Amino acid sequence: MNRNPYMRLALRRAALRTVVNTVIVLFALAPIAWGVVSSLKPANQILEVPPRFIPQDVTLEHYERVIGDKGLLFLGNSALVSAITIVFALTIGSIAAYAIARYEFSGRRILMIFTIGVMSIPIASLLIPTFTLLSVVGLINTHVGLILLYTAYQLPIVIWMLYGYFLSLPIEVEQAARIDGHTALGTLRRVVLPLSKPALVAAALFVLVFSWNDFVVAVTMTSSESVRTFPVAVYFYLGFYGREWGPLLASAVISIIPITAIFIILQRYFISGLTGGGVKG
Amino acid sequence: MATVTFRNVSKRYGAITALDSLDLEIGDGEFVSLLGPSGSGKSTTLNLLAGLISADSGTIHIGEREITHLPPEQRDLAMVFQNYALYPHMTVAENIAFPLEARKPRPGKDAIARNVSLVAETLGIGNLLARYPKEISGGQQQRVALGRAMVRDPRVFLLDEPLSNLDARLRVRMRRDLKELHRQIGSTIVYVTHDQSEAMTLSDRVAVFAHGQLQQVAPPREIYENPVNTFVANFVGDRETNFLDGILEGEKDMLFRSGSAVIKLGTQRLKNASQKVTLGVRPEAVTISRNADDGMCAEVIMTELAGAELFVYLRLISGQEIGMRCDPREVSLVTGETVSIRFDPHQIHLFDQESGQNIA
Ligand SMILES: Nc1ncnc2c1ncn2[C@@H]1O[C@H](COP(=O)(O)OP(=O)(O)OP(=O)(O)O)[C@@H](O)[C@H]1O
Ligand SMILES: [Mg+2]
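Residue numbers (our numbering), protein chains in the order written: chain A, 9 to 289; chain B, 10 to 369.
What the hints contain is simulated information worked out from the structure, not anything from laboratory work.
Accuracy of the hints is not assured; some may be wrong.
[What the hints assert, rightly or not] Between beta-carbon pairs, the in silico distance windows are:
hint	chain 1	residue 1	chain 2	residue 2	range
1	A	Ala22	B	Arg178	46 to 52 Å
2	B	Pro80	A	Ser176	50 to 56 Å
3	A	Asn12	B	Ala315	53 to 59 Å
4	A	Gly172	B	Arg178	54 to 60 Å
5	B	Ser173	A	Arg276	33 to 39 Å
6	A	Ser176	B	Arg178	52 to 58 Å
7	B	Asp29	A	Arg116	48 to 54 Å
8	A	Arg276	B	Asp176	34 to 40 Å
9	A	Phe139	B	Ala122	53 to 59 Å
10	B	Pro80	A	Gly172	22 to 28 Å
11	A	Ile100	B	Thr14	54 to 60 Å
12	A	Phe139	B	Pro116	53 to 59 Å
13	B	Asp29	A	Ile131	51 to 57 Å
Small disclaimer: the values here were computed from a predicted structure and weren't measured.
No residue lacks a Cβ here, since even glycine has one placed at the ideal position from N, Cα and C.
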C-alpha cells in the first residue's frame, strides 16, 4: 500500500469523483440505452415483465420497417431543411453580428437588446400568427416555409453567439485586412469567419439541434407526406401502428444517430484556440 | 507622387480632443516620425491617415487625391501594427500574399508566389514561409509584418511602434534594417514612436506631439538644437534637459540671474522681450570650469557610469538639481565633492516662463 497520506487522499478523491460521474452518466444514458436495446427486440419481447436488458433475440425488423416506410424520404426532408437553415442562419447571422460588433451606428445597442429580447418569446405563442402568415403568402406546407421559420427562430441566438465572439477577436487583424485592400465583406469572409470557427460550429450545432428535432412547428405548418420531416413522421407511427413500440423506438434511435455523430466529429472545435499567435502583446 | 497633407484635421472623443487642428505636410519619399508621449495623438494621426477612424474636420490628401472619406481599402497604403496583426490562420507565405490577392485584376498564382519569395528573401525569412505566425519568434513576426507591407509597393508606409515589442538588441538592429529598407525602396514612411532615439536616428524629419497638438516638425538635428518650447526640449534627448527659472538682466551683454547663480549669456537676439525666463541646457553642455570665478558652485550628489559616458547629478546652492554628462576618462568626481560648473553659452536655450516658447 502507498503510505504517503497526500497520495492516499488524492486517490480517494479520484475514486469518489469516478463513482459520482458514473452515476450521472448512467442516469443520463439509461433511457437512451433502454431505447436502443428495446428497438432491437422482437415486438413481443419489448414490454416483457420482468424486463430484460440483454435481448433474448436480436432483430432489425423495426428498422427495416421504418426505413421501408418512406423513412429515407422523411430523413432526407429533415436533412435538407436543417442544412439550408444552417446556411441561411449563419450567413445572415454572421453579417448582422459583424455589423453590430464593428460598426458604429445609432441604435445598435437597442438593436442588440431587441435581438436578445426576441429570444424569450415562446415559439408556441407564434404558431397561429405564423400559420396565418404562411398561408397568406402561400408557403404553408413547403420546405421553404419551414426553412424561413427556422431561420427566423434561430437568428437571434446565432447573432448573439457570433457577436460575442467577434468582439473578442483582435480588431487590428481586421484593420490590417482592410488596409491590405480587402473590403468589409471580404474581411469578414477571409479573416473574421475563419478565425471564428469555434463560434460558427457552436452556432451551427444549435441551429441543427433545433431544426432537426423540431416537431411542433413542422406538424403545424406541413401536412403532406412529401414535405414531412422525420420528427413528425415518428409521431405518425403512433397512429399507424397503434401502440407498436418497435418502430417508434427504432425511429427515435435513427434520429439520434446523425446528431451524435456530428457532435463527436466537431467536438475538437470547441476546445480549439485558433486565434493564438497572430497578435503580440 | 506620394506626398501626404493634413489640413486643419481634428478628432475628438467626447470631451477629449485626441488631435487638435493638425497641419502637416510630408514630402514624397520622406521618412517622418511622429513622436510624443503616451496619449499625445500619434496613433490618432496615423489611424486618420489609414482610414481606420474618421476625422471630425479638415482634409487629408495623398498626392493630389483627397482621401479624407475613403475607406481604408481604397487608400493604397500599407501599415505595420504595433502588435503586428498577422493573420493567425494563414501561413507566413499566405500572410505576405494577402494584400496581392485584393488587387484587381488579381495577379496569377505564379506572380504572387514570385513576389512573396522575393520579399521573404529580402527580409531573411525565406525559410519560414510554410509556418504559422504562432510558430515563429517575435522578431520574425515583425519581419513578416514588414514583408506584408512591402509586397505591394504602396504609396505610403505607416508604421505604428513596430519595434516596441522587441528586445533592446534586436530593436537597434531592426532600426538599421528599417533605415536600409527606406534607402532601397525610397517610399514615403510615416513612423509612430514614443522613443525619441528611434525617431532621431531613423527620420528625415521628426514631428513632436503633445496633448493632441503638433509642437514642432523639423529634422532631428534642428529639433535637438533648436527646440521651440520647453516640452520639445525636454522630450527629445535621452537625458532630461536642465531647466532653471530666473530673470534676464542687462541690455547688450545679458545676464541670467537665478537666486545666487548668475550666468553670462553674451549677446543674444531675443524674439520676444521678456524678463522672466526659463533657461534650458542639455547635460552635455554642462562642464566643469577650471577657474572658479566663472562658474557656479555645485555639490556632486550622485554619479552614474554608463559605459562610454559619466553622468553626474549636481545640486546648486539654490537646491536646484543639474545633470551633467561627461567623458569618464577626463573627469573623475566623488560624491560630496564641491565643483564649479559652467554652461556652454552657445547651447543655452531661453524660454518664456509663462508660455514655455523659445525666445532666443
Ligand atoms: N476610441 C477612443 N475613445 C476615446 N478616447 C480615445 C480613443 N482613442 C484614443 N483616445 C484618446 O485620444 C488621445 C490620443 O490617443 P492616441 O492613441 O492617438 O495616443 P498615442 O499618442 O498613440 O499614445 P500611445 O503612445 O500610448 O499609443 C488619448 O487621450 C486617448 O485616450
Ligand atoms: Mg499609439
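Going down the list of hints, with the structure as the test:
1. One distance hint, 46 to 52 Å for the beta-carbon pair A/Ala22 and B/Arg178, holds here, with the actual separation near 49 Å.
2. Range check, B/Pro80 to A/Ser176: about 24 Å between beta-carbon atoms, so the 50 to 56 Å window is missed.
3. Under the hint 53 to 59 Å, the C-beta atoms of A/Asn12 and B/Ala315, about 55 Å apart, fit the expected range.
4. The supplied range of 54 to 60 Å is broken by A/Gly172 and B/Arg178, whose beta-carbon atoms lie about 41 Å from each other.
5. Taking the beta carbon of each, B/Ser173 and A/Arg276 are about 36 Å apart, inside 33 to 39 Å as hinted.
6. Taking 52 to 58 Å as the suggested C-beta distance range, the pair A/Ser176 and B/Arg178 does not conform, at roughly 34 Å.
7. The hinted range of 48 to 54 Å is not satisfied by B/Asp29 and A/Arg116, whose Cβ atoms lie roughly 29 Å apart.
8. Remark: the range hint 34 to 40 Å for A/Arg276 to B/Asp176 is upheld by a beta-carbon distance near 36 Å.
9. Range check, A/Phe139 to B/Ala122: Cβ separation about 58 Å, and the 53 to 59 Å hint holds.
10. Taking the beta carbon of each, B/Pro80 and A/Gly172 are about 26 Å apart, inside 22 to 28 Å as hinted.
11. Between A/Ile100 and B/Thr14 the CB atoms are about 42 Å apart, so this pair departs from the stated range of 54 to 60 Å.
12. In this structure the hint that A/Phe139 and B/Pro116 lie 53 to 59 Å apart at CB holds, the actual value being about 54 Å.
13. In this structure the hint that B/Asp29 and A/Ile131 lie 51 to 57 Å apart at CB holds, the actual value being about 55 Å.
In this structure, the earlier hints numbered 2, 4, 6, 7 and 11 are contradicted, and the remaining ones agree with it.
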